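S.K.: With the sequences and hints as input, model every part of the structure.
If you count by my numbering, then the sequence shown holds residues 21 to 195, one letter each, in order.
FYI, nobody ran anything at the bench for these hints, they're computed from the structure.
Since this is a predicted model, take the numbers as computed values, not measurements.
Don't take each hint at face value.
[What the hints assert, rightly or not] Restraint ranges, calculated between C-beta atoms of paired labels, are given here: (1) His-24 x Asn-142: 20 to 30 Å; (2) Glu-125 x Glu-25: 19 to 29 Å; (3) Ala-143 x Asn-43: 47 to 57 Å; (4) Gln-59 x Gly-123: 20 to 30 Å; (5) Val-22 x Asp-166: 40 to 50 Å; (6) Pro-172 x Ala-45: 19 to 29 Å; (7) Gly-76 x Ala-37: 30 to 40 Å.
Just so it is clear, CB atoms sit at the ideal spot from N, CA and C, and this is done for glycine as well.
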Amino acid sequence: MVSHEEAVEAVTRGLQALGHDINAAAADALARASMGFPQHIHGYLEGACEAIRRHGSGDSANALRTALANGDAARRRYYEGRLGSMAHPRLMLELAARMERNGCESLPWNEAVRVLAPPAGNAAQAEEALADGVARGVLTRNLLHDVSFGIPSFHAFMVALWEQGASLSPAGTDS
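M.R.: Structure representation (structure tokens):
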């Protein structure tokens, strides 16, 4: 993550490097929407470029709405791609929803395994899903081996997918 000031600078200078200027308020709004995550800054830059092509400049309210909508769509595609690359994406959605429901920001590794593999469940599959989540940046793990979702908006995205009953089975055997 970068600071808000660094995100504003990245948006402003990034657009300048691409031959576009943007007013300070629009740069601030795009930086704020990115939450300081470089991948999201990139998505909002792409969204701003498309908005500028469509509206002629990035300074109108319509152009800003378009840039934000495009950046939001880029964020969703990024999250979907991360989840879609996993062997057990449904387990990540279940973990996200359970943690949200229980109001916990992190869980000890063994507790996360228990959440994903109830008594009659598959502990090996739960372990694999957790390790895959960490490897793909969906989960973070601290020195005490507690797992958490390091990107709050990604966590919220997964909770929403779970609540919608999304069917995910791109990379593995989940359905």
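S.K.: Each hint should be assessed against the structure and marked as holding or not.
M.R.: Evaluated hints:
| no. | hint | result |
| --- | --- | --- |
| 1 | His-24 x Asn-142: 20 to 30 Å | violated, 43 Å |
| 2 | Glu-125 x Glu-25: 19 to 29 Å | holds, 26 Å |
| 3 | Ala-143 x Asn-43: 47 to 57 Å | holds, 54 Å |
| 4 | Gln-59 x Gly-123: 20 to 30 Å | holds, 27 Å |
| 5 | Val-22 x Asp-166: 40 to 50 Å | violated, 25 Å |
| 6 | Pro-172 x Ala-45: 19 to 29 Å | holds, 24 Å |
| 7 | Gly-76 x Ala-37: 30 to 40 Å | violated, 20 Å |
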